[in-house]
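Given the coordinates of chain A, work out where chain B should sit on it, guided by the hints.
Number of protein chains: 2
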Amino acid sequence: MAEYKLHCFAQSGNAYKPALMLSLAGADWESVFVDFFNGVTRGDEYRGSTNEMGEAPVLEHAGKSMSQSGAILHYLVKRLNRFGGKTEEEEIEILRWILFDNHKFTSYIATYRFLTHFMKTGETPVTEFFKARMMAAIAVLEKRLTGRKFVATDELTIADISLCGYLFMEDEFGVSWSDNPAIGAWLERVKSQAGWQHPYEMMPGHPLPSKT
Amino acid sequence: MAEYKLHCFAQSGNAYKPALMLSLAGADWESVFVDFFNGVTRGDEYRGSTNEMGEAPVLEHAGKSMSQSGAILHYLVKRLNRFGGKTEEEEIEILRWILFDNHKFTSYIATYRFLTHFMKTGETPVTEFFKARMMAAIAVLEKRLTGRKFVATDELTIADISLCGYLFMEDEFGVSWSDNPAIGAWLERVKSQAGWQHPYEMMPGHPLPSKT
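So the protein sequences, as listed, match chains A and B. Position 118 of the first sequence, counted from 1, bears residue number 118 in my numbering, the numbering being contiguous throughout. Position 104 of the second sequence, counted from 1, bears residue number 1104 in my numbering, the numbering being contiguous throughout.
Chain A on its own, in the form it takes in the complex (with noise of 0.2 Å):
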């Protein structure tokens, strides 16, 4: 048995992030398939025994279970010891981009790609409303990462990890990354890490089956 066991599935950026973080850091992870899109995550068996808060990813380690992508990548640095701040001040540096990123970038960006991409909704007032708040975030991010290699200190860390989330999926929400260069650019130095891949590579339950 593997020494995490990471609760996922491959549509997911969020789950992806403890994947391309243990995958980066090499360590020795499975997944669990979570079956989002029958329900499984909303269910009260899922609530009851894996997380109240109905969500994936969900990490095991050491008879620990924990949820929240951003506590799942504070808590792997301190095991992993790797991808975190050398000192107090980047600590909360990167603090502050995971917290930009759960707040105010990969929630618009996921909602607006599972409305229109997943639920096909097409255009609608809600789509119009997220689409907005994601490029307003997709634009405070480009311009941060304009002169700089990556999003909160000089080498790569879990700002960067938590926040290239769905970046990789950028066709299922409808940006270019030529649009923005320095994110672009920026996603390309991760691609380069050993140990990446995609998240449809690198999670199970791609392609979604073909409804019948």
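What the hints contain is simulated information worked out from the structure, not anything from laboratory work. One or more of the hints may lead you astray.
[Claimed, not checked] Which bits of chain A does chain B cover? Going by a derived footprint, with three or more residues having C-beta under 8 Å, they are:
(1) 21-27
(2) 42-56
(3) 97-105
(4) 116-122
(5) 132-144
[What the hints assert, rightly or not] Over 10 Å on every C-beta distance to chain B, these chain A residues come out as not near it, computed from the model:
(6) A2
(7) D35
(8) F36
(9) F37
(10) M66
(11) E88
(12) E89
(13) I92
(14) E93
(15) E155
(16) A185
(17) S192
(18) A194
(19) W196
The C-beta atom is built at its ideal place from N, Cα and C for all residues, glycine as well.
For chain B alone, coordinates are given in the frame of chain A:
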């Protein structure tokens, strides 16, 4: 000059989080008014000088400046030696709830309130979307607090301080705590702490000037 300077405004539950922590800890702090409703945070000057994320709160302390309430709360734990976890497991649990707050709780409540209470959009497809997500997040917290005194540990921590940010203004997003008695009782426990004040008393800018 006070030791801590908090850029904030009365209507911001996110700014209230560090303001409340500073007050409960009896810290020497003062507020710097951010004229959010006249667009200050969205302007280039504020983004350039104060916060590239274009948001309040921002904390200034010891020559440093930082944003994102959850990062500020973690910084203050180290400075004030209050409201943190006693073990690494408690720290991860605290962070998990602060991330839930930023991702799913405050984010939906604040946006719903902003649209309905301040922008006065009335109920629209967008507000209906946010209301449904807000109510689902409130249900997660109500369940969590049933049979517990505080959210993350046995004592008041920054997880409680983060999650309660908007909850004393519940009339502005149409929720009654009598329908969520565990949250209601927990809010009374927060209110009973020495140094507690309502956000409208604690920070500048209330009431809004009437438009003529």
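For E93(A), is the shortest CB-to-CB distance to chain B above 10 Å, so the non-interface label stands? 8 Å, violated
Checking the smallest CB distance to chain B, is D35(A) really beyond 10 Å? Holds, since 20 Å exceeds 10 Å.
Checking the smallest CB distance to chain B, is M66(A) really beyond 10 Å? Non-interface label fails for M66(A): nearest chain B Cβ at 6 Å, not farther than 10 Å.
Count the residues of the stretch 42-56 of chain A whose Cβ falls closer than 8 Å to any Cβ of chain B, and tell me whether that reaches three. Satisfied; 3 residues make the cut.
Counting residues of the stretch 97-105 of chain A that have a beta-carbon nearer than 8 Å to any beta-carbon of chain B, does the count reach 3? With 6 residues closer than 8 Å to chain B, the stretch 97-105 of chain A meets the three-residue bar; holds.
Claimed clearance of chain B by S192(A), with the beta carbon kept past 10 Å: 26 Å, holds
Beyond 10 Å on every Cβ pair: is that true for E88(A) relative to chain B? Given a closest Cβ separation of 7 Å, the condition is violated.
Take a quick look at F37(A) and tell me if its Cβ sits farther than 10 Å from every Cβ on chain B, holds or violated. 18 Å, holds
Should the label of E89(A) as a non-interface residue stand, given a Cβ cut-off of 10 Å to chain B? It is violated; E89(A) is separated from chain B by about 7 Å at its closest Cβ, not greater than 10 Å.
Outside-interface status for A2(A) - nearest CB in chain B farther than 10 Å: 20 Å, holds
Are there three or more residues in the stretch 116-122 of chain A whose C-beta lies within less than 8 Å of some C-beta in chain B? violated (count 0)
Assertion that W196(A) lies outside the chain B interface [Cβ separation over 10 Å]: For W196(A), whose nearest Cβ neighbour in chain B is about 24 Å away, the distance exceeds 10 Å, so it holds.
The structure is inconsistent with the numbered hints 1, 4, 10, 11, 12, 13, 14, although it conforms to all the rest.
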